[in-house]
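Peer 1: Single-letter residue listing:
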Amino acid sequence: MSTAPETSLSADLLAQSPATTDQHALSVAGLGKRYRSVTALDGVELTVGPGELVGLVGANGAGKSTLMKIACGLVRPTTGTARIFGAHSDTREARRMLGYLAELFRFPGWCTGSEVLALHQRLSGSQGGRPERDELLELVGLSDAANRRVEEMSKGMQQRLGIAQALVGAPRLLLLDEPTSALDPAGRRTVRTLLLELRSRGIAVLLNSHLLGEVERVCDRVVILAAGKVVAAGRADELTMRGGVEIQTGNGTRRFPDARREDVPRIVAQLVSDGVEIFEVTVIRSTLEDAYLQLVDPT
Amino acid sequence: MTATVTIARHVVQESVRRRVFAVVFLLTLAFLGLFILATVKAFAGPAPFVFGSGNLINAGQITSITTVTLLGLGSFASLFLATVLAVFLTLGAVRGDAERGLLQPLVVRPLGRAELLLGRFLGAVVVCVTYLTVLYAAVVVIVHQAGGHWPDHVLGPGLALNAAITILVAMSLLGSVFLSATANGIAMFMLYGAGLVSGLLASIAAALGAQTLLTIAHDMAIGLPFEGLYQAALHALGSNQTGVSRVLVNLGPFGASQAGGVSLVLWSGGYLAITALIAIVAFERRDL
Chain L
1 MSTAPETSLS ADLLAQSPAT TDQHALSVAG LGKRYRSVTA LDGVELTVGP GELVGLVGAN
61 GAGKSTLMKI ACGLVRPTTG TARIFGAHSD TREARRMLGY LAELFRFPGW CTGSEVLALH
121 QRLSGSQGGR PERDELLELV GLSDAANRRV EEMSKGMQQR LGIAQALVGA PRLLLLDEPT
181 SALDPAGRRT VRTLLLELRS RGIAVLLNSH LLGEVERVCD RVVILAAGKV VAAGRADELT
241 MRGGVEIQTG NGTRRFPDAR REDVPRIVAQ LVSDGVEIFE VTVIRSTLED AYLQLVDPT
Chain R
300 MTATVTIARH VVQESVRRRV FAVVFLLTLA FLGLFILATV KAFAGPAPFV FGSGNLINAG
360 QITSITTVTL LGLGSFASLF LATVLAVFLT LGAVRGDAER GLLQPLVVRP LGRAELLLGR
420 FLGAVVVCVT YLTVLYAAVV VIVHQAGGHW PDHVLGPGLA LNAAITILVA MSLLGSVFLS
480 ATANGIAMFM LYGAGLVSGL LASIAAALGA QTLLTIAHDM AIGLPFEGLY QAALHALGSN
540 QTGVSRVLVN LGPFGASQAG GVSLVLWSGG YLAITALIAI VAFERRDL
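From first to last, the protein sequence lines stand for chains L and R. Residue 1 is where the first sequence starts when you use this note's numbering, and the numbers rise one by one after that. Residue 300 is where the second sequence starts when you use this note's numbering, and the numbers rise one by one after that.
Looking at chain L on its own, in the form it has when it is part of the complex (with noise of 0.2 Å):
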């Protein structure tokens, strides 16, 4: 396994997030889990700035959903700690600023659509009201099935059922543990969408997904952990690698392995005072799945 990018990458990415320490979304340190003779987390830093939509991509067993769970209190770190906008992850100021879906979640099967969501407002002390039930119904896509019994409803529609109960009380920060995995391709664009509007609300959302096409599509950043420890983590078009230009021209294609975007304008008009014909121009970039795959699994 690559260990290069981590040490450079992980810098990076904390000193370009956004935000101060204390205006952190998300503030995890030195974070650390262990089950007995497995660790789950080793010494993870990690920081979701306000407003900022962070992937989180990784093997299943990497730590994830353990992350996950810590930064939500569901789980007690061994070290380090997790903050929430300042505050520790396990209290209630922490939890009042968080919206949060757990990878295997499920509802009573008795309540409706509508029920589940003013439960979630009356514990988390929102005063929306039927309004903000509306509101979130209708934003994931299930207005028709408010009065619908959760044990009537499929998978997906508990699903988005599930993203709207994370989004009751006006949370600033959201966690996301796999929030696609039950949806089909509209349903997944449903949540692409949404998410989009959340961040442009200011809403910061760290999201745990395997789909590293639509991590790579939708995130500001981008944390890759293996074996609990964050291996590369940056902006998107970081981590992937560059591939070269390759241009179509009147007498075949043209290869120039080692240049980026910024060369493609020199390069054409060489070609061009040559007398060359160009046709096409192709930047070619590894995607978001070939940087993982060379960190997580390099065989």
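No lab work stands behind these hints: they were computed from the structure. Incorrect hints may appear among the rest.
Claimed, not checked - Listed next, the stretches of chain L that the computed footprint assigns to chain R, with coverage defined by at least 3 CB atoms under 8 Å from CB atoms of chain R:
hint, segment
1, 66-74
2, 121-134
3, 253-262
From the three backbone atoms N, C-alpha and C, an ideal C-beta is built for every residue, glycine too.
Given the coordinates of chain L, assemble chain R onto it according to the supplied hints.
Peer 2: Quick look at chain R alone, frame taken from chain L:
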């Protein structure tokens, strides 16, 4: 405190609306139907305890013994059915609900885990105490309508039975922190059975005058005070029985030689507090 009330209300709503509780309601009606039939037959049947040329006890005593025994049977059934309800309401309250993913969305809300547990406890107690009170009242009325007698005490036994179910709810909640739902359910019914055995042991020991057996039964009752409260309820139901009637009642399965007292009440309160404390501390420390 608001969160505790919210959770308690949620538990009560669940009890009313889950289909499984419709089954409890129907089975309860079936039990009451059978109990009415048995009660009417018991008072209408030939008098027992007639030996040789004369009666060992008079007709009034026979009616009285029948009344006390039927009330004991009704109390036993009421407590048993309420225990089934209590266990099903609470057996998966912590670990079971956490494994199913029901608990996490609630715990991340700004309420303390102690409040959550207290809410579950209060909700279950409200449901079980209401159920038990209605059932016990029905039993008392049915016996009175059929035999024309009220029990020697009504309120005291009712309170003791309700205190017993409250302790059982607390025990089941405590078990739910450590055990999976199935394991907790099994453990609760085994403990309930152990309590019944200790009560029967006490009756046998009292009849035989076996002090060692009595000590064992007494020690078991300390560990399982719901049984002591149940025995106190049975004892109070027939507390005015004397002489042969008293002996015959005590020898039956629904007689009790052990009366309740201040020490039982105090110990039950302490037991409840200790159980709650252990449950809260363990729940606070549990990773979900």
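Peer 1: Are there three or more residues in the segment 66-74 of chain L whose C-beta lies closer than 8 Å to some C-beta of chain R?
Peer 2: It holds, with 4 qualifying residues against the three required.
Peer 1: Confirm or reject the coverage of the segment 121-134 of chain L by chain R under the rule of 3 or more residues with a beta carbon closer than 8 Å to the chain's beta carbons.
Peer 2: Since 4 is at least three, the answer is holds.
Peer 1: At least three residues with a C-beta closer than 8 Å to a C-beta of chain R: is that true for the segment 253-262 of chain L?
Peer 2: Three-residue rule not met by the segment 253-262 of chain L, so violated; n is 0.
Consistency with the previously given hints fails for number 3 only.
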